[in-house]
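**Student:** Next come the chains, spelled out residue by residue.
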Amino acid sequence: MRRSLQFLLFTASILTLFLLLPLHARLSQIRTDSDMKQQVPLLRSLHVTDLCLSTEARYTRHPAMADSHAPFQDHPLALEHFPSGSLILPLPPREKP
Amino acid sequence: MKRAVERHLNILEFTLASLLRRRGKNLSLLVIYLLVIFMLASLVFFVSALKREAAIILNDAPDMVVQRLMAGRQDLVPAGYAAEIARIRGVTAVRPRLWGYYYDALNGANYTIMAGDDPATAPGLASVGAGVAKARNLAVGDLLPLISYDKTPLMLEIDTIFPNESDLIAADLIVISRADFLQLFNFPSGQATDLAVTVRNPKELPTVAAKIVSQFPDSRPVLKSEIQRTYQSIFDWRGGMTLMVLTAALLSFIIFAWDKATGLSAEERKEIGILKSIGWETSDVLLLKFWEGIVISLTAFLLGTVLAYGHVFFLSAPLFAQALKGWSVIYPRFQLVPVVDGYQLAVLFFLTVVPYTTATVIPCWRAATIDPDAAMRY
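Line by line, the protein sequences are chains A and B. Numbering-wise (the numbering used here), the first sequence opens with residue 6 and increments by one. Numbering-wise (the numbering used here), the second sequence opens with residue 201 and increments by one.
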């Protein structure tokens, strides 16, 4: 087979895979629509406020509940020493009630 | 029509032969290009999926959480606050929440301990996240000893281990009864960590929050919309991890494009000169270079995106995990539900494939329009 046809065949196969990605994603979403939260009603009843992205510091474990006005919460002059803290943006300003 | 297809096939044939002649250079170019696309696409998939998960999980967040501040830091909320807040018009329920952190000296892990309202959470029983179970090698029915704040051991029997799929909520979570929580932390009774407030009409939330602040000046209400905004900003493209990866990838890409756009090598110029002298039209030469750009960039884009999808959704994004993990002992396994954001992939395509192909064609067009003799002598 000509090299150009081999290349086109290869490109067509990865293009097919690429085009199948949204389909796979949609099917996975439908499959998990019943959702892990419904599997564990206890978790749902806890009404969690934060995602467990990192467990090394209070303000990265529960960013929504953290004292955003006191970012260095360990002691005065403590520098940021948790790696995940440097990857999380400062929180947006709070809405004035 | 057939003639045009044949012409393209012939030029593509020549392009592939030409690329294979400089195999080492082009292969390394393809690999680096593929890595750039792989990182960017992984980030797009990772962030889109996390945003979706956050939206679903935080949908169950309380309408408002009321904290109390003391000397600028969060303090316990007296039960009296809950009773007063429940009287505010529009408030349907106030639930004092008991939660805190427990440092496990055995393995250096930090657990989040919550007191459950569920009647299934009987004293002496605990439901733990998969991360905790793994860190302490626990199975259902095992005993989990925790040291309370008055230094007495609290023995908890494992009742449930939350499945791996709930790691994004519960990897480090231990749910125990209220009585056990009070005993573990020597927690003063009649106090709560914070209050979860439910309001009948979400439009009234700011008004209710204002009333709470005026009634209790030391309180700080955190609205559900603020919690959701916090997570939107964490996954925002302008900062943190996204910016770090984006900057590295874009810089690498600029180096590529710069290298390509600043001109052709003497060998390439000579090749163009020879092709023109044996009868190739300028359009043929441009088509050749166009195909060269397409072969490299389209292959890198398609392969990079497909590999990124596998990296994030089948392998749980191990490359990003290292960045987020930091010093955490317990770390969730990101079993994310796949999300494909067509718009962001389209942006990625137009930011990488199009400029690269253009950067390949333009210097070649300059070389192809000069006299073949001059191009060969260059």
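Hints are supplied without guarantee of correctness; some may be wrong.
[Unchecked claim] Here are the computed lysine to any residue pairs in the SDA-like style, where the Cα-Cα straight-line distance is at most 25 Å:
| hint | chain 1 | residue 1 | chain 2 | residue 2 |
| --- | --- | --- | --- | --- |
| 1 | B | K525 | A | D72 |
| 2 | B | K251 | A | L14 |
| 3 | B | K334 | A | P88 |
| 4 | B | K202 | A | L14 |
| 5 | B | K403 | A | S50 |
| 6 | B | K251 | A | L10 |
| 7 | B | K334 | A | H67 |
| 8 | B | K202 | A | L10 |
| 9 | B | K225 | A | P88 |
[To be verified] Listed next, the stretches of chain A that the computed footprint assigns to chain B, with coverage defined by at least 3 CB atoms under 8 Å from CB atoms of chain B:
| hint | stretch |
| --- | --- |
| 10 | 18-32 |
| 11 | 48-62 |
No wet-lab data here; the hints were simulated from the structure. Here the structure is a predicted model, which is why all the values come from computation and not from measurement. Each residue gets a CB set at the ideal place from its N, CA and C atoms; glycine is no exception.
**Student:** Work down the list of hints and note, for each, if the structure agrees.
**Tutor:** Quick rundown of the hints versus the structure:
no., hint, in the structure
1, K525(B) x D72(A), "22 Å, holds"
2, K251(B) x L14(A), "36 Å, violated"
3, K334(B) x P88(A), "23 Å, holds"
4, K202(B) x L14(A), "18 Å, holds"
5, K403(B) x S50(A), "23 Å, holds"
6, K251(B) x L10(A), "41 Å, violated"
7, K334(B) x H67(A), "22 Å, holds"
8, K202(B) x L10(A), "15 Å, holds"
9, K225(B) x P88(A), "37 Å, violated"
10, 18-32, "holds (count 8)"
11, 48-62, "holds (count 14)"
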